[in-house]
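Enquirer: Sequence:
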Amino acid sequence: MRTDIYQKITDQIVTELEKGVRPWLKPWNVEHAAGRITRPLQGNGIPYKGINVIALWSAAMEKGYAAPVWMTFKQATELKASVRKGEHGSLVVYADKIIRTETDAKTGEDSEHAIPFLKGYAVFNVEQIDGLPEHLSLNSWRLSRRL
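Count the sequence shown with full-length UniProt numbering and you get residues 1 to 147, in order.
By construction, these hints were calculated from the structure, which means they are not laboratory data. There are no misleading hints in this set.
BS3-like, lysine-lysine: derived pairs with alpha carbons at most 27 Å apart:
| id | residue 1 | residue 2 |
| --- | --- | --- |
| 1 | Lys-119 | Lys-80 |
| 2 | Lys-74 | Lys-97 |
| 3 | Lys-97 | Lys-49 |
| 4 | Lys-8 | Lys-74 |
| 5 | Lys-85 | Lys-119 |
| 6 | Lys-74 | Lys-63 |
| 7 | Lys-49 | Lys-119 |
| 8 | Lys-49 | Lys-63 |
| 9 | Lys-119 | Lys-74 |
| 10 | Lys-63 | Lys-80 |
| 11 | Lys-8 | Lys-19 |
| 12 | Lys-63 | Lys-119 |
| 13 | Lys-63 | Lys-8 |
| 14 | Lys-19 | Lys-63 |
| 15 | Lys-8 | Lys-119 |
| 16 | Lys-97 | Lys-119 |
| 17 | Lys-63 | Lys-85 |
| 18 | Lys-49 | Lys-19 |
| 19 | Lys-85 | Lys-8 |
| 20 | Lys-74 | Lys-49 |
| 21 | Lys-8 | Lys-97 |
| 22 | Lys-49 | Lys-8 |
| 23 | Lys-74 | Lys-85 |
Since we're looking at a predicted model, the values are computed, not measured.
Working from the sequences, and respecting the hints, build out all of it.
Expert: In structure tokens:
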């Protein structure tokens with residue numbers, strides 16, 4: 001059975017709302033942010049956008065992560081690091097569209113159609129990963145936040 005990504009994200013938001021939390025608001029008062037709020041960052045330093053910001057803020061608050069940096073299992077492996085056994089990733093989504101060109105059988109004319117798609121995948125916070133280079137470690141992140 002294929003996972004319904006829309007439903008998973010909706011369920012996560014509804015769960016937060018049932019707790020009395022509006023997850024689309026910046027978590028100004030959370031301790032895990034060391035006094036400053038930042039958008040969640042990909043391992044390469046690029047900030048996440050859209051629903052991924054809410055999803056990862058929520059995951060960080062729920063699990064108590066101090067670092068805002070997230071990466072895939074593959075990205076960690078490429079850095080010769082490893083996700084700790086038993087750790088679970090957090091869902092993020094990638095949205096885009098593909099352009100298909102179709103030829104009308106009657107007229108012979110080509111027409112382009114955009115087909116939107118959504119792909120979900122798991123990312124892990126750097127606090128779930130052992131053996132990362134120093135510049136991606138939690139200690140490095142904490143030091144840079146104090147400066």
